[in-house]
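Next come the chains, spelled out residue by residue.
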Amino acid sequence: MKERLGYRVPFVLLLILGIFMAAQYYIPHPMVQKPAQMMIQWKQPLNAFIIFLALFGLAAMHVRKVIRKQRRWGYSVITLTSMALMIFVGMVWGTRHGTIFSDLFKHVITPIEATMFSLLAFFVASAAFRAFRARTVGATVLLLSAVVVILGLIPVVEDLCPPIARASDFLLKYPNTAAKRAIMIGVALGAISVAMKTILGIDKTILGRDR
Amino acid sequence: MSTDPYIWVAAILTLGVFSFLLRDNPFFCAVEHLLVGLSTGYMFCTYWHNVFVPELVTPLWEHGAGSEAHLWAVVGICFLWACKYVESVKDLSRLALAFWLSIDLGLAIPTEMEAGVIAQVVGTMGVSFNGPVEEIFGNVVLVGGTLAALTYFFFSKAHKGVVGATAKVGTWVLMIGFGASFSYILLSRIALLIGRLLFLLRDWLGVIH
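In order, the protein sequences belong to chains A and B. Per our numbering, the very first residue in the first sequence carries number 1; after that it's consecutive. Per our numbering, the very first residue in the second sequence carries number 1; after that it's consecutive.
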């Protein structure tokens, strides 16, 4: 009974509903569309609830760390306090523009995030210095493409050296689009095959079974 | 120098993040954990006010016994998810996971096929070979480059002979794409860095105008 409820019933549910949700895209009849739209409507609050559970898990992990006084537990206190503060101001005064909640977002979260991402400029430049050595044809093509596009995106280069700006436009418009298209097609085919393998029960690991 | 407390808070936090350039230090770790806490709190409130309440709580409160009664099923599925934390009934959470996955994966098959495969193939096949020489050449590169890059991803045949040569050209096309993406990322990060330095020097210290 436990085996049936634990694995078989979820797999049967996944198989039936997965095929139904894929098929409904091609069947415009109300008898199919009505339940399909209803289930899509359920998805949003369900997603929100899953995020709440994830946040609860994160908070529980930090609480455990503080109670057990594990290594670097002081940082967990900062995380828990700031999380509680944000939830408190958001629930009491709302999230609209002009509230403490939006001020905290604008003056605390945004500067930290922007600075974190700006730090990447140093690391990307240092990684590029090491990776961009013209050792092979592929690496040389990557190096040239990056240099031409960077120069082409600088406004003053357009006036000083129009051919570089034109070459940059050409690279972005044609070979870059070709590469992006091939990657998109590959990713889409991969996503479809993973979805089909999971729905048909060929890949069972996603529901916590390793065979 | 600014007298706005919010500017001072933002400036101190900005310096805290920049301190990582020297080495990992307690100031940076504190700012990092502050960001995690505030961001998760922000996420909770945003989902609560913009999704959970208007799409579940309010409809159930107002029409729970009528037109929106079907939403009680969501409440049931939420309970099944929460069973994950109760050892004796944690297997029930797989039912909720299966339901959630079936919607996502079922929808992914037709939408990925439509947007990721058919639309891209139509876009590649639909290019025009009329017009200026530069455009014709560009479209030949576009079609040929897409086919070559796809050949590189085709692993069912050994990359030898014509297939191998085409795949090699495909790698060059992919390298051009990666180079272009890298340039965009680098320039966007530099723009952010300039923005943060301007904030420190202009908005906080007031040394430049």
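These aren't lab readings, by the way, just hints derived from the structure by calculation. Treat the hints with caution; some may be incorrect.
Straight-line C-alpha distance at most 30 Å; calculated DSBU-like pairs for lysine-lysine [to be verified]:
1) A:LYS197 - A:LYS180
2) B:LYS157 - A:LYS65
3) A:LYS204 - B:LYS157
4) A:LYS43 - B:LYS157
5) B:LYS84 - A:LYS204
6) B:LYS160 - A:LYS43
Tested hints:
Annotation: proposed proximity of A:LYS197 to A:LYS180 holds, straight-line Cα distance about 25 Å (limit 30 Å). Note on B:LYS157 and A:LYS65: the hinted pairing is violated, with a Cα-Cα distance of about 52 Å set against a maximum of 30 Å. Distance restraint check for A:LYS204 and B:LYS157: the Cα-Cα separation of roughly 28 Å lies within the 30 Å cut-off, and the hinted pair is therefore satisfied. For the suggested pair A:LYS43 and B:LYS157, the alpha carbons sit about 41 Å apart, so the restraint of at most 30 Å is broken.
At most 30 Å may separate the alpha-carbon atoms for a hinted pair to count; B:LYS84 and A:LYS204 meet this at roughly 19 Å. For a cut-off of 30 Å, the pair hint linking B:LYS160 to A:LYS43 is broken: about 47 Å separates their Cα positions.
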